[in-house]
Amino acid sequence: MQALLHAIVEPGFFADGAVQIAATLGGVVAVVAGLIGVFTVIRSQAFAGHALSDIGSAGGSSAYLAGVAPLWGFVGISVLAAAAMEQIGVQRARGRDVATGIVLGVGFALASLFLYLGMTYHNSSGEIPTILFGSVFTLSAANLPLVIGLGAVALLTTLTLYRPLLLASVSPELAAARGVHVRVVGAAYLFALAITVALCDLTIGAILSTALLVGPAAAALRLTDRPHRAALLAAGISLACTWLGLLLAWDSFYWPPLRHGWPVSFFIVTLVLAAYLAAGALARGQTKRG
Amino acid sequence: MELAQPPTAPLSDGGAATTDRVLQLAGVTVDLGGRRILDDVSFSLRAGELTGLIGSNGAGKTTLLRVILGLLAPTRGAVTVAGPDPRHSVGYVPQKFMLDPDLPVRARDLVALGIDGHHLGVARPSRERRERVTRMLDAVGAGRFADTRVGRLSGGEQQRVLIAHALISHPRLLLLDEPLANLDLRSAREAVDLLARIAREQRIAVMISAHEMNALLPVMDRVVYLAEGRAACGPADEVVRADVLSRLYGHRVEVIRAGERVLVVAGEGDDAEPSHPHHHDSEER
Ligand SMILES: Nc1ncnc2c1ncn2[C@@H]1O[C@H](COP(=O)(O)OP(=O)(O)OP(=O)(O)O)[C@@H](O)[C@H]1O
Ligand SMILES: [Mg+2]
Numbered sequence: 008m009q010a011l012l013h014a015i016v017e018p019g020f021f022a023d024g025a026v027q028i029a030a031t032l033g034g035v036v037a038v039v040a041g042l043i044g045v046f047t048v049i050r051s052q053a054f055a056g057h058a059l060s061d062i063g064s065a066g067g068s069s070a071y072l073a074g075v076a077p078l079w080g081f082v083g084i085s086v087l088a089a090a091a092m093e094q095i096g097v098q099r100a101r102g103r104d105v106a107t108g109i110v111l112g113v114g115f116a117l118a119s120l121f122l123y124l125g126m127t128y129h130n131s132s133g134e135i136p137t138i139l140f141g142s143v144f145t146l147s148a149a150n151l152p153l154v155i156g157l158g159a160v161a162l163l164t165t166l167t168l169y170r171p172l173l174l175a176s177v178s179p180e181l182a183a184a185r186g187v188h189v190r191v192v193g194a195a196y197l198f199a200l201a202i203t204v205a206l207c208d209l210t211i212g213a214i215l216s217t218a219l220l221v222g223p224a225a226a227a228l229r230l231t232d233r234p235h236r237a238a239l240l241a242a243g244i245s246l247a248c249t250w251l252g253l254l255l256a257w258d259s260f261y262w263p264p265l266r267h268g269w270p271v272s273f274f275i276v277t278l279v280l281a282a283y284l285a286a287g288a289l290a291r292g293q294t295k296r297g
Numbered sequence: 199m200e201l202a203q204p205p206t207a208p209l210s211d212g213g214a215a216t217t218d219r220v221l222q223l224a225g226v227t228v229d230l231g232g233r234r235i236l237d238d239v240s241f242s243l244r245a246g247e248l249t250g251l252i253g254s255n256g257a258g259k260t261t262l263l264r265v266i267l268g269l270l271a272p273t274r275g276a277v278t279v280a281g282p283d284p285r286h287s288v289g290y291v292p293q294k295f296m297l298d299p300d301l302p303v304r305a306r307d308l309v310a311l312g313i314d315g316h317h318l319g320v321a322r323p324s325r326e327r328r329e330r331v332t333r334m335l336d337a338v339g340a341g342r343f344a345d346t347r348v349g350r351l352s353g354g355e356q357q358r359v360l361i362a363h364a365l366i367s368h369p370r371l372l373l374l375d376e377p378l379a380n381l382d383l384r385s386a387r388e389a390v391d392l393l394a395r396i397a398r399e400q401r402i403a404v405m406i407s408a409h410e411m412n413a414l415l416p417v418m419d420r421v422v423y424l425a426e427g428r429a430a431c432g433p434a435d436e437v438v439r440a441d442v443l444s445r446l447y448g449h450r451v452e453v454i455r456a457g458e459r460v461l462v463v464a465g466e467g468d469d470a471e472p473s474h475p476h477h478h479d480s481e482e483r
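Protein chains in written order, with our numbering: chain R, 8 to 297; chain X, 199 to 483.
By construction, these hints were calculated from the structure, which means they are not laboratory data.
Among the hints, a few may not be true.
[As the list claims (entries may be wrong)] A few chain R residues that face chain X, going by a derived Cβ cut-off under 7 angstroms, partial list only:
hint	residue
1	Thr167
2	Pro171
3	Val177
4	Arg185
[What the hints assert, rightly or not] Listed next, with one range per pair, are the computed distances between beta-carbon atoms:
hint	chain 1	residue 1	chain 2	residue 2	range
5	R	Phe115	X	Gly232	36 to 46 angstroms
6	R	Phe20	X	Thr346	43 to 53 angstroms
7	X	Gly231	R	Leu124	45 to 55 angstroms
8	X	Thr346	R	Val191	23 to 33 angstroms
9	X	Asn412	R	Leu280	49 to 59 angstroms
10	R	Phe260	X	Met296	44 to 54 angstroms
From the three backbone atoms N, C-alpha and C, an ideal C-beta is built for every residue, glycine too.
Produce the complete structure using the sequences and hints provided.
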């Protein structure tokens with residue numbers, strides 16, 4: 008019995024300090040990403056979210072260069088990029104891809120510069136995979152207050168705008184006719200999205216963070232036709248994937264042949280994909296029966 | 199099928215036409231992209247009446263409705279919506295709505311957003327609210343698909359849901375942009391009857407835009423006829439006449455009546471009685 012338990016949860020998992028911090032930070036970010044991500048999917052802004060997260064690599068690397076905490080770099084660049092997108096015209100269906108594409112290009116250019124400078128002057132390449140692919144086990148507890156604060160800002164913004172945002176997502180024309188300032192609402196949501204993406208950048212890395220934002224939300228939207236239920240479900244899926252990912256990553260330190268441990272983000276993103284596929288199968292089963 | 203909603207304002211039946219005035223346009227002129235789209239348009243709408251906004255493609259119907267809604271500022275002229283809260287006393291059903299089939303919003307959710315979709319925060323669910331939505335959906339004949347995602351409904355079904363969305367906040371004025379364009383003859387008839395009944399029973403001013411007036415003729419109290427940026431308005435039999443429309447178009451048109459139907463066609467002798475200066479843009483097309 009003991010042996011079986013040890014096979015599933017390798018010894019020391021729950022007692023380990025790094026695990027506890029990772030589970031808390033990862034958990035907070037997962038819940039925020041799930042809740043906010045539902046609107047990203049409803050508003051078809053997955054590409055914008057992806058661009059914001061990729062640009063995060065420029066933020067992370069510049070923060071590294073400047074010697075400040077990476078989260079500040081992620082948040083700073085993400086909010087800046089969101090403002091740029093908004094100015095170029097992310098609000099219009101056609102302008103959206105153009106705006107996103109332009110900002111994405113600039114972001115990658117900056118990222119390549121900062122990463123290059125970082126490697127040249129600091130002579131360290133260990134930071135780069137961490138910025139790009141995350142490494143939640145290495146985060147310190149000092150991040151926690153800021154992560155919770157930023158998550159609360161993103162959640163409060165979205166919750167406050169819930170009804171006008173939903174109406175504007177159904178039809179900007181209908182919302183405008185009701186006196187909703189569609190552009191202001193859209194910009195405020197983009198701000199919340201930028202913050203959320205920055206949080207995901209921190210825990211699972213700039214390249215992978217959209218998966219956590221969009222995947223659980225898309226899975227939840229396959230299972231329910233109410234937006235608020237979808238948001239709660241997405242938060243649950245996202246949390247489950249994150250915690251299970253942590254567990255598997257911990258276990259993987261004991262896996263042959265390397266016994267070296269696999270990256271956490273890989274597990275989280277793979278689990279998110281599995282959840283998305285499972286939701287699709289479940290939904291198809293439901294329609295067949297219904 | 200009966201309308202469960204009580205009338206918005208106390209019924210002031212009979213006479214007093216001026217107090218019933220819900221909307222007034224005075225000298226509204228709109229220029230877009232350097233072109234004059236609407237030129238000195240004036241008319242008013244009264245509670246309980248159904249008005250047809252008639253004009254061919256590009257005549258400026260949508261533009262006029264957007265001006266009334268306050269979504270577009272006129273170059274000159276004034277729009278006055280009666281009532282204490284003009285913004286929220288106008289219901290609107292847009293011309294083009296492409297609702298995403300995967301949108302997690304059921305017909306009843308969209309109608310509920312008609313109550314307070316512009317308010318901040320999350321709505322507090324209540325039995326009363328739910329029943330109000332259900333009654334509204336039933337009243338427009340959309341009760342059957344209350345729990346279906348709006349994007350998965352047919353064009354005509356979506357339209358009914360949008361009418362419910364517009365009506366549930368008790369507007370004094372209901373604007374519908376080309377609501378009949380996607381409907382077959384029978385559904386168009388049903389929709390027109392429904393809208394006429396809404397106008398009468400709830401004492402709402404209803405304005406329906408259309409490029410083809412025949413479906414509206416049996417129920418239309420008044421016509422606002424748009425051509426060349428100008429408008430002629432009044433009861434249908436006073437406006438839809440060869441002399442009035444010829445003056446509006448700036449060239450000779452004929453009005454042919456065949457039974458119940460009316461046909462407006464370009465007449466012979468192109469420049470008879472142009473009492474207004476021509477507004478044909480020479481570069482147009
Ligand atoms: N934003 C704009 N900029 C420039 N021109 C515009 C703009 N919007 C509309 N127009 C022009 O104004 C004219 C009237 O357009 P509008 O959409 O009001 O016509 P409509 O009567 O609703 O036509 P339809 O029956 O095809 O819907 C058209 O010639 C159109 O090209
Ligand atoms: Mg139009």
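Structure-based check of all given hints:
no.: 1; hint: Thr167; in the structure: 5 angstroms, holds
no.: 2; hint: Pro171; in the structure: 6 angstroms, holds
no.: 3; hint: Val177; in the structure: 6 angstroms, holds
no.: 4; hint: Arg185; in the structure: 4 angstroms, holds
no.: 5; hint: R:Phe115 x X:Gly232: 36 to 46 angstroms; in the structure: 40 angstroms, holds
no.: 6; hint: R:Phe20 x X:Thr346: 43 to 53 angstroms; in the structure: 46 angstroms, holds
no.: 7; hint: X:Gly231 x R:Leu124: 45 to 55 angstroms; in the structure: 48 angstroms, holds
no.: 8; hint: X:Thr346 x R:Val191: 23 to 33 angstroms; in the structure: 31 angstroms, holds
no.: 9; hint: X:Asn412 x R:Leu280: 49 to 59 angstroms; in the structure: 56 angstroms, holds
no.: 10; hint: R:Phe260 x X:Met296: 44 to 54 angstroms; in the structure: 51 angstroms, holds
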